[in-house]
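So you can see what is in the structure, the chains are spelled out below.
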Amino acid sequence: MSEALPEFDLARPATVEEAVAARAGAGDARYLAGGTDLVVNMRRGIVAADRLIDLTGIAELDRLDLDGGGTVIGAGVKLAAVAENAEIGARYPAVAEAAAVIAGPQHRKMGTVGGNLCLDTRCVYYNQSEWWRRANDYCLKYRGNVCHVAPGGDRCWAPFSGDLAPALLIHGAEIEIAGADDRRRMALSDLYTDDGADHLTLGDGELVVAVHLPADNWRSAYDKIRVRDSIDFPLAGVAVGLKERATGGPELRIALTGTDSRPVLVDGIAEALADGFDDSTFPAIEKRLKKQVQPMSTTTLNAPYRRTAAAVVAKRLIARLVG
Amino acid sequence: MARIVRLKVNGRARSDAIPDNRLLVDYLRESLRLTGTKMGCDGGECGACTVLVDGEPQLSCLTLAASVDGAEIETVEGLAVNGRLNALQRAFHEKLGSQCGFCTPGMIMSAEGLLRRKSAPDEADIRAALSGNICRCTGYVKIIEAVDAAAAALRGQPA
Ligand SMILES: Cc1cc2nc3c(=O)[nH]c(=O)nc-3n(C[C@H](O)[C@H](O)[C@H](O)COP(=O)(O)OP(=O)(O)OC[C@H]3O[C@@H](n4cnc5c(N)ncnc54)[C@H](O)[C@@H]3O)c2cc1C
Ligand code: FES
Ligand code: FES
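Residue numbers (this note's numbering), protein chains in the order written: chain G, 160 to 482; chain S, 19 to 177.
Keep in mind the hints are simulated off the structure, nothing from the lab.
Glycine included, C-beta positions come from ideal geometry on N, C-alpha and C.
Treat the hints with caution; some may be incorrect.
[Said to hold, decoys possible] Pairwise CB distance ranges (calculated):
#, chain 1, residue 1, chain 2, residue 2, range
1, S, E141, G, G482, 26 to 34 Å
2, S, G88, G, E243, 22 to 30 Å
3, G, A429, S, G88, 46 to 54 Å
4, G, G338, S, C59, 33 to 41 Å
5, G, D296, S, C155, 35 to 43 Å
6, G, A346, S, G101, 57 to 65 Å
7, G, P409, S, G157, 45 to 53 Å
8, G, E243, S, G101, 32 to 40 Å
9, G, E176, S, G174, 51 to 59 Å
10, S, R24, G, E176, 21 to 29 Å
11, S, G88, G, R387, 32 to 40 Å
12, G, G184, S, R173, 22 to 30 Å
Chain S extracted, bound-state conformation (with noise of 0.2 Å):
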């Protein structure tokens, strides 16, 4: 069966056939083409698939997309801000927070969901609220120096 889902994507309304067993990230990736957000494991291992959905991370290959009708989604490519780089994804490049990348998506969505709640997360906090991002490459301590050094621009501190 499909159904009429009604999702506001990356700030903009949308309303599609969807079908039932359709999982969000195939939604996203093959329907709207936004590829941004990955898939890194066979479910629910790895974070590479976190997206926001109505301002909070959550795996979106474990979400059916039916199941999220009426949400806001937000995606890696719904953060540039006029076509720049917003603070974190600026962090994550400058800062080595990135290797191959295909963890940073998630990365960069966990973090995202955290600067909102804290403007000023110390480094258990950015632990905390990435511990559940797996990356293969960087060994994590860059990662965590990315999302330090934007939280810190954000409050208009230098890094």
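Just chain G, same shape as in the assembly (with noise of 0.2 Å):
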């Protein structure tokens, strides 16, 4: 037998309402939904938790509304569904793009919208076997005291590697979230703190219910660096928007994920491009990249790489977009 997963018991709610409350009263809850993230770290022993409640048979979770103005993508919806449907290429590319590279393709007829969004935070010093963790007096991300990455700090550096993120940043998506009492809705970028321990902020059995993204005229691409093209979570991942303008240059927006504990939509932008395109661009934006992300020894390529990289594949994708 595989290494058997630990005693939980399984809830298999209808409805949104079902799975908050099914959460609310047991001690140690997750909400379980293509189980490609959750499942790998509960039989690595880095997740814990007495009761799963399984959110496939969930059917408001798998709306995909394109009809209207905006756009809906329930939580539900699989990530090959993001990838292969044409309307989202054609509105959102780089949230195609982005669903087309993650993981392997039987992770993408499992994984979900709102696995993606709510996807641990990873480290070497992390997602690894009990064995090895325990060699190590385990890390401050769980069970011990010292995070490995920084052990003079006081926090945990796993990044986020979500790749979907960064591409819906830039469409400035908000999330639907459902509660114990109401349905509230907040900016994607809300969803997240700059804490690997604790990344984030939705508050206890919050379940996210779909993804909002405005009708918009945003042309998009996203890209990321990783050890192996076939499968690999990204290293640095980038995703960049471009508007053009009535009056004036282009509007730009540059998101990364993989480098920071959140998602980083990069600031100042605007004042780089303020006199329009030349030579001078790039290296301004170049600059406030590489000020405001903060990659640290938590995988196998080292930090500096992952900031230059990142900005170079920036680079690339600005210049696909202006071409």
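These two chains come separately, so use the hints to put the complex back together.
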């Protein structure tokens, strides 16, 4: 037998309300979507739960609404469906491009939008077997007292490496959240904080129901660097958006994943572009980008390389969009 | 907790009491003794456990059996036609797409998913469809040739 999963009970709710209710009252309960992150982590012993709430039977989460002005993508929509949807590809190219390069084909058939946005942070000291972590006295993120990446500090630096978030940030996404008493909407960027051990701002038992994207005319693109192009997580992932304006130069947005404990929407791009595109524009953008990301030694590639590579990917994508 | 789970496995309807925490791969291998499906890693990395869930290649090592209640599961054991290897199995054998054989059932199930969607895949399609399956022996060239040959055979063309 495979390394058996610890004991838990499984709830299979049919509605969002039932799912949220199933979470209340259970000690350590977790939502289970495609399981391509959660089940891996449970098998490795880095996530424990005594109840799993399986979201795959909830029809509302499969909603994909492209008819109106904006777009609604349910949290349960599969990554493969996002990657293959021609309408998403036309309206929000970076979103489809990001979905298409997440993990391998089997994961994309199983993994969901909600699971990707709520993906756990990752680190070479964390995503390891029990005996490996024990030999290291564990780490600050789980069971230990020290972050081996920055032992003098008091925080965990594990980066968030979901590919969809930066692409959705470029397009001004909001998320719809269900809690015990009500539903609310907030900017996607407010879902995250820069703490690798606790990077989501969701309240106890809150469930991501859907992503709402405004109708916009941003053109966009996504790319990432990784060790194996066939399957790996981003060591730095970059989404770029470009919008032509009637007067003045184009507007530009850049967002990154894989570098920090939260996805980063780079600030101050408008100032760098104030005089339109010329030879000095990219160096000005590059300076801002490099200053605002803080990759650490959390992966097999070193931090300075990831910072430099992120800027190179951004530059290539900008060139592609300005084209 | 255990619950009654209804599945169709390789065409046969089943109804079994399955613990909530049981992975689909363990249910197939341990309860049904369908040991064609392999476990090649500690979760999600290698593709050796790939089976078809409602026709789509998925990883049985990350799937709870109880969460696919009602689904149709196909494993490598279900592919033979009247006791004879199907086109993909035969091509893997004839084109040397299999060496130690450990990755082969997963490779074949990923390829089977592809050929059902696309009868004339090009090399890029084959590579993309198999990109979640790792092989330590063959170097992949022979695997890609095997899938190509099987597709041609199914279309009635000489390989
Ligand atoms: C080999 C391998 C390679 C991978 N490569 C990549 C990659 O390149 N890029 C990438 O981004 N990911 C990658 N992944 C991770 C994963 O496959 C994807 O991020 C996937 O989108 C996760 O979605 P899921 O539905 O499977 O999530 P699950 O594993 O089901 O859940 C993940 C987390 O989100 C929570 N959650 C799920 N849905 C909701 C919801 N609606 N509301 C609130 N919380 C929720 C769960 O409780 C859990 O904590 C990889 C995984 C593996 C095994
Ligand atoms: S056993 Fe390796 S991916 Fe499932
Ligand atoms: S034939 Fe040995 S792993 Fe592929």
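Checked hints:
In this structure the supplied range 26 to 34 Å holds for S/E141 paired with G/G482, their Cβ-Cβ distance being about 29 Å. In this structure the supplied range 22 to 30 Å holds for S/G88 paired with G/E243, their Cβ-Cβ distance being about 24 Å. Checked against the hint of 46 to 54 Å, the pair G/A429 and S/G88 passes, with Cβ atoms roughly 52 Å apart. The hinted window of 33 to 41 Å between G/G338 and S/C59 holds, with their beta carbons roughly 37 Å apart.
With their beta carbons about 38 Å apart, G/D296 and S/C155 fall inside the hinted range of 35 to 43 Å. Look at G/A346 against S/G101: about 60 Å separates their beta carbons, and that is inside 57 to 65 Å. A beta carbon spacing of about 46 Å between G/P409 and S/G157 agrees with the range 45 to 53 Å that was offered as a hint. Against the hinted window of 32 to 40 Å, the Cβ-Cβ separation of G/E243 and S/G101 comes to about 37 Å, which satisfies the hint.
Take G/E176 and S/G174: their Cβ atoms lie about 54 Å apart, and the range 51 to 59 Å holds. The supplied range of 21 to 29 Å is met by S/R24 and G/E176, whose beta-carbon atoms lie about 26 Å from each other. About 35 Å separates the C-beta atoms of S/G88 and G/R387, a value consistent with the hinted range of 32 to 40 Å. Checked against the hint of 22 to 30 Å, the pair G/G184 and S/R173 fails, with Cβ atoms roughly 57 Å apart.
Checked against the numbered hints above, the structure violates only hint 12.
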